[in-house]
Each structure stands twice: as C-alpha cells, then as structure tokens.
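Q: Residue numbers (UniProt numbering), protein chains in the order written: chain A, 1 to 643; chain B, 1 to 220.
Rather than coming from a laboratory, the hints here were simulated on the basis of the structure.
There could be a bad hint or two in this list.
As the list claims (entries may be wrong) - Pairwise CB distance ranges (calculated):
#1 Ile546/A - Pro138/B: 52 to 58 Å
#2 Phe558/A - Lys172/B: 51 to 57 Å
#3 Lys172/B - Lys33/A: 16 to 22 Å
Keep in mind it's a predicted model, so treat the numbers as computed, not measured.
Backbone N, C-alpha and C fix where the C-beta goes; we use that ideal spot for every residue, glycine too.
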Amino acid sequence: MKLKLPNPGLEDRILSHDELERLEVEEAGDRPKWDNKAQYMLTCVGFCVGLGNVWRFPYLCQSHGGGAFMIPFLILLVFEGIPLLHLEFAIGQRLRKGSVGVWRTINPYMLGVGIASMCVSFLVSLYYNTIIAWVMWYFFNSFQEPLPWSQCPINANRTGLVSECERSSPVDYFWYRETLNTSAAIDETGGLQWWMILCLISAWGVLYVCCIRGIETTGKAVYVTSTLPYVVLTIFLIRGLTLKGSVDGIKFLFTPDLNELANPSTWLDAGAQVFYSFSLAFGGLISFSSYNSVHNNCEQDAVIISIINAFTSIYAATVIYSIIGFRATERFDDCLSGNILTLLNTFDLPEGNINQSNYQEVLHSLNSTNPDIISNLHLKTCDLNSFLSEGVEGTGLAFIVFTEAITKMPLSPLWSVLFFIMLFCLGLSSMFGNIEGVLVPLQDLKVFPKSWPKEVISGVTCLVCCLVGLIFVQGSGNYWLALFDSFAGSIPLLIIAFSEMIGVVYVYGIDRFNEDMIFMIGHKPNIFWQATWRVISPLIMLAIFIFYFSTIVTKEIFYIAWDPESENFPTLEKKPYPSWIYVIIFLLAGIPSLSVPGTAVFRAIREYCCKKHPSAPVQEIDSVSYKVHIQDEELKPQKVTEI
Amino acid sequence: MLAGVLLLIFLPPLVAKDLCKDSQDGFKVRLSIKTALGDDAYEWNESEMFLFRSTLAYAMRKQTKQDTYNITNILVCNDTQRVSFVFVVTSPDDPDQLIPKEQIEEAVRQNKHRINNAFLLSDMTLEFVGIPPTLAAPIIYDTEPWLIVFGVVIGAVAVGIVALLMSTVSKKRRAKEKAAGLSEEDEGTVKENGTALSGLGGKEGVYNQTFSNDNRFTEL
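Extracted from the complex, chain B is given alone in its bound form:
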C-alpha cells in the first residue's frame, strides 16, 4: 500500500523527466543573458524558469486557441550552467502525450517577439535550437532614396549648365550691340600712328579736326 502510494507520488515526475529527456519532440533553448544585458544582467533562477514556462504556455494557448494549456504542461530538463535546457510540451488533455515538434515550432515562431521581450533578449541571445529566427521584412521604399538624390544633383547640374550658357549668350549679344554701335561711328575714328583709338568710339567726345584724315576732301 505504502509502496503503491510512493509510486504514485514519484511516478509523475519520473515519467515527466523521461518524457523530457528521451523525447524527440523537445527543443533545446539557450539564453545568453550576460551578452545581451552586460551589467544589467539578471540571474537565472527558479522564478525566471517559471516565467519561461508560463510564456511558453501562453504561446501554446495563442497558437491552438485552447485556454487549457497550463504551466504544468511545460516540462523542462537538462539544465546547465550555460543557461541552456530542453523542454517539451504535454497535451492538456493527456499528460503522457507530447505535442509534436511542428506545432511547438509554429507557436514559438508566431510569438517569438513576445517571448523575447519578456526576457529583454533578442533573436540572437534567446536561441531555440532548430527554430531559425524569422527574417525581418525588407524595407520597401516608394521611390528609392538614391533616385531622389540623383534627381537633385542632375537638377542642379542642368540649372548650372543653362545659367552658364545663358550668361555666355547674353554676353555675346551685348558685345555684338557694342560692336554695332562702334561701326556707326567708324568714320569718325581717329587713326594716329597706325593704331586705331577705339576708346573714343563709344564716347561723345569733341571731334578734333586737326587729327582727322580728311581724305574725302583732298582726294584727287
């Protein structure tokens, strides 16, 4: 009788341990708290383990939409100093039956973000061996940023070219007008010692008869 009672008391944990240790449906979990938090690292103890088991139960509840999952359904073994351990999930209806690997993986995947945050860790520091982290969605831009910068630069270049060409054209036009104005008074330009005093061309100077070439009066 006593033996039967003792067996009844010790059987579940023994069975539980066997379920956890030998199971194919378990996952190894590794935490790197010191790497993630440095000086603010908390110590891993029973309470933290309690939190872990409850977050996993929460994840199972969310995934299966069954509110029957409890902390007793999450069995843990192979605790090491590394802070790594193995866990399995038993079905709430039958404690001897394990939930298959795929379902646990799905549950963990969908709620990884919440599990990470509960422990102030990240995908790198809270590892579920065998469950790769979900890759972040690539950032999709409406317009690539480089095209915007390119547009700005090309716009500036175009403005620069147009401005410089316009200034050349207007300079040329002004020079042409000046030359046109000059040629009207070309008859009156004084030629002295073989050089043309073009400086007088634009000015309204006094026309000095002594120095002018009065060929038109003395032509033979």
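Isolated chain A, as found in the complex:
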C-alpha cells in the first residue's frame, strides 16, 4: 500500500529533523512546555477518562452480554483505539502545532479537518459543561441531612405529598422538577432557570480558573482532577462490597452471554464506545502532545493510556454495579415486604408467618383457597433481575438511580458529596482537553489580535461559551442537550478521524511518517502499527461510520420527554421532533462534517482566482547569499560601513 497522494511544498512547511533537534537543545521558541512527564500523562488520562467511562460503559457491558462484551471491546481497543491514539500523539509531537496548524502544515487543503475539530470541540464544550453544572447543583445540595431527593415535598395545603412526586418518585421529582424544571416538549422553552444559571456560571468560572494560562495552569489542576476519581471509586468499591446485594450486581454485570457476539450492534456499540471514550478527533490530544519534547516515546504513552482507559472503564463498571446491585436488592426487599404486609393485613395473620423464604408457598396456598381476594389485591411482581436491568445509563444513572441508592446508605450526605466530586473531576478534566481543542485553533487561525494576552482570549472564549450555553438551562434544556449529544458529538468525529488517518498515511506519507518515528523514538514502528494505520483502522472507522449514518438516516428520530400529563407517566414519553429541529440537526452535524471538503473546495477556488491576477507573491530565492542576508538583518547597516 505505497499509495501516496501528491503533496507539493511539504518540505517547506515542516521543520526538518535538524531544526527540531536544535529547537530541542536550545529550548528556544515560545511554545509552552509540560513541567514534567507526569503532568502530560495525567492530562491525557484525564481527557480520555470521562463521564462516559462511568455511565456509558457499564450499561453497554451489561446490556450486550456482560463479560462477553469484553471481547469486542478489547479487540476494537487494540485495532482501533491504540493506533489512532498513537497517530495523534506522534503527529502532534512531530509537527509541534495544534490541530489547525498540523493539518494546514500537512496540506493547506486539509485545513478543513482542523476547523472541523475546532467546531466539534466547541459544540461539545457547550453541553458538556452544562452536565458539569448539573453535577455542581447536586454537589451544592448534598450538604444537608436529609438529602432533598430522599423524600417528596408536601403540597401547598399540607394535605399530602406533591402529586407529581407521589406518582413517580422523590429522585425523579428532584431531577426533573427541582433541578431541570423540565418542560413537556422541546418547543416549550420554559424560560431560564435562575438556579441553573448560577451553577452554569460557577462551572465556567472553575474552568476559566484552571485554563486561564493554558497548560501552565491546567497542568497543576490535573494533579487533583485526574487522581481524585480513582480514590473515590476505591472508597465506593469498599463501601459497596459491604452492602447487601452488591455481589449480585457484579455477577449480573459480568455474567457472559456469548450469543450477543453474533449481534452486529454489539460490535458497533463496542467500536463507538472505544472511539468516543478516547476523545479522539477533538484536536486536544494533538495539542497536548505538541508540548512534549521531540524525543518523547509516544508509542509507549499511547499503549499506557489505552490500558489505563480500559482498566478505568472496567473498574468503574464494577463499582457502579455493586451499588446498583445494592439498590436493586433494596427495591426487591421493599416490594416483597409490601406484598407480605398486604397479605398479613388482609388475612389477619400474625406477623412473622410470612417471610421472604416461604412467600411463594404461602401465596400459592392462599391463592388456591381464596383466589378472588388475591386477585383483588393486585400484588406487585417482584423480580430482582428486572430491578437490576432498569435503564441505567447516562444522566439517568448518575442523577436518578445512583442518588436513590445513596439515600438508602447510612451517612448519605457524605457519599453524595464524594460521588459528585468524582463526577465533577471526571468532567472537568475532559473539559480541559475540549477547551484546548477550541483555544489553540482560534490562536492558529488568528481570530484574536496578537496583542491580546492568553488570559483575555481564554476569558472571552469561556464567556461566549457560557452565554451560548444558556440554551441548556432553559426548561427544555435537557432535550437540547440530548440533541447536541446525539448529533454534534457523533458523526463529525467519525469523519474527522477517518480523514486524519488518510491524511497522515497517504497525504503526509507513511514513509516520511516512519522516518519521523525513527527520529523521535529511535525505531521504526513495527508491522502492527503499519497494518493498522494503513488498512485496518481506517476500514473499522469507515464501517462504524456507515452503520451509524444508515441507522440515523433511516430510523425516525424521536426524543423522550418527561410529561406529567401523559398517560404512561412516570414512564418517559417518546415524542417526535418538530420539523424545524431537522435544520438544527443538519447544522450541528453538517457544518463540521462539510467543512472538511468545504475548506478544500474554497481554497481551490481562491487559488484559481489568484492565478488569474498577476499579483502573485514574490518567490523566495533558494541561494546562500539571500539566506545569509535574512539572518543578519541587524548587521546590515554595520556591514555597509565596515571594510
């Protein structure tokens, strides 16, 4: 596969190996640097390990055959995740620029890839920080006993509990009503929720403090934000294992069902999870590795970070499911006790006659003697497995299921504070990478005047994002967020990643890339890297993209809404999107995706137009005297007078 696309002028745009060496030795240049390797590794780990590891992976694992899901996950990790990660690290380290700079250097026609990365990073930053604002809201509310989501509030005339809460549950009510104050449909804006605005401001404020001077400040912040989640996960694991029912949860999670491997959607979900979990194609990783020393062993870094990411996913899944097992067991016990009480009360039997072990036989005997009474009682069916498999992903997991589990533990405020600090750190460390993917391209594209200091640029960016992010704090904000999550953060990334691979392997040239690797790390990447970079990974990306695109385009898209007036309340109601949403979807997914070919076309048109005008820029002469002249600019007046 020695295919190489023509790429004139590449040599002039990149620094040669000698220049890189000199840059390294003299430590010249105004590019920021990592204080030490640990900062770099922690920042990358923090960027990769995010909320998805905690609330997406455990759900996928459990719903696609438990332990068997590890097989497609690990296979795709090796053949898709690690090669892409290594590629991004290597190209950033070699070309020493952010994403826009890198693609402009490789070929000016590929500038669109950098711009697409910037757009996606911007859109994702908007809604991701809103999730962090929600986490902060719960964190602020965790400092009271009893927790506000542990019981329903009393209604206005003190006669009973609030109806919406009574029909659903205290945790649902607190999430949908007191946090989001959600409207019933996406067209109903519901107005801005002032408490959420305060939380949004605090989320962007904290982010600004950490990003104010770029990696100089984030490098210090990651010591806390990247390590604290592991500490909290361990604390929760120990706490979880001492609770009743936790082992059932873990067993439920990991019980393998090998039949799921035959289902193509399992492989698709595994591929998508690996891809999104690594935060590839955002441009942040390229930026981070460009601050490294040029001889940094990026191959080793890629492998280490991938292993850490996979390990964190599995570890978090274990912890989450131990707590979910506890909650499911509590719910099962409550359900059964409720039924037992009903039976005792109806038949006036002494307490203790019916317990969990003999419930079935007693029910059976009572049913044979008094079937009509039993049927009138409407006893609930209590099934532990159905409690374990209740929709447990995304915000539902964190803000409904887990918070409910916390209320059942002793010392609930403590566990709540720990849990939300962990989510906050996970989210914030991912935001560092997203913001990096927005700020550095903005600087490369010279959007801001050069005289503006870094602090002002990051301040303006954070302010703009905060203001645009107000969409998500209105009544329908939750639906907008789901929209952004499904469309802005999915298809464009796949296109960008595919273009990245093609760009590096075929436009930059795999031969040149291999030589660069020999220069940087001392040896040529082995056959595994060659095969994956050239063929396997692009094919996998293409396959995932085709599947994803076809499912989105063919399926009718709808969203799930919390509508107290619907018949199936408290089950969320499926509603179709209004027609004007399709325009928004096209903008979200289309603008980043189309900027990849669009910029190339735009540039080609501009080149063509410029060729017609004779005002072409002066060509630089490749001669010694010309070059020497430029170097000694300051000596020019002296040279004239000296003999």
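Starting from the known structure of chain A, arrange chain B on it as the hints suggest.
A: Just chain B now, kept in the frame of chain A:
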C-alpha cells in the same frame, strides 16, 4: 327474677359487643410490633390492651377537656392474631351512645405522638385505618444550604481569577522594567557574529573595547 338478674349481668357486655361490632363509628387499629422492634418485641396481651384503652381514654380527655372519660368507655372487639382490632368510644354520660367518628379522629390525631410513644411504635407500625398520619412540617431554612456552598465556591473562583490575573500583570510589569533597563545600555551591547549578547545587558561588566563596534568613531 333470676332470669332478670342474669339478663342484667350479661346485657351490658352483649350490648357493648354489639355496639362495637356493628358500629359505623369504630376504627380498626393495626399494630406491627415485630416489624418495629424486631428482637425486642413485646407480647401483645391483656395488659397491653389495657394500656391501649387507657391511652385512648387519655386522648379523649385531652381533646374534650372532660375528665369524665374512663377506660370503660373504650370498647374493643374483633381481636385477631395479626394484632388488629376494632374499638369504639362510648360517651361517659350515656354508655349506649357512641362518640362520632370525627371527634375520635380529632382526638387520635392530636395525640398520636403520645400514643405512639406509649407503645414504642411509629406512624407506620401503629395504624389507625382511616386516619392518615399527620405529615411532618417541612424544614424551612433561612438560607438554603446550597446557596451557602455556591457562595463559597464562587468566592474561591473569584479569588483564584484575581490572584492569577494580578500575578500576570505584575510579571508583565517586571518584564517591562527589565526591558527599560536593558534599552538604556543598548549602546554598549556587544554584537558578535550576528548575535546580540543580551546577557551582558543587566550586568555591570567590564566594557571590552576590542570587541565593540566603534562606528561612531570611524564613520566617514
């Protein structure tokens, strides 16, 4: 005569039972002692029933402010193994007349706390069927706790931003002063092989004439 005496003896309890059983003004009570106390559960016997009747009489006394209520005014029937029974309250002035339901409900409601405590039970485990438990008053905070935590966090963020911006400003000012100091001695900077030895700028070094560019002396 004997029949009349027998009737007189047996009539009140029979009448009482009828009053209790058929009455519309009775309440069913359910106790779940084992659920509430587990291993410390006491056994339900006549003495406990005696205590119950006396607490109810106490509740009626408190509510009506009449000290005439006695334990004989509380009639109990339909005892079951569940530990549930029905009771009615007769008027102290006329044993055949029952106190209406609403009044009993009011009395129980106002004194539920005392009745519960007498039996070491709670609203959940000592049920009066038809009398819903009074809901606890919601806790009203002067300042919501979340606003306090929010204030702390925003304060820390503001302090952080100000501190970092101040440090940048002071760094810039120091760099400007250094540059100003440098430009004064710019005439004396030695230029050798095309690179400016700016390291000498701030130091009070010896000015070596051999390497200086004495253009101002040799200008034509």
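Q: Against each hint, give a clear statement of whether it holds in the structure.
A: Do the hints match the structure? See the list:
{"no.": "1", "hint": "Ile546/A - Pro138/B: 52 to 58 Å", "result": "holds, 55 Å"}
{"no.": "2", "hint": "Phe558/A - Lys172/B: 51 to 57 Å", "result": "holds, 55 Å"}
{"no.": "3", "hint": "Lys172/B - Lys33/A: 16 to 22 Å", "result": "holds, 20 Å"}
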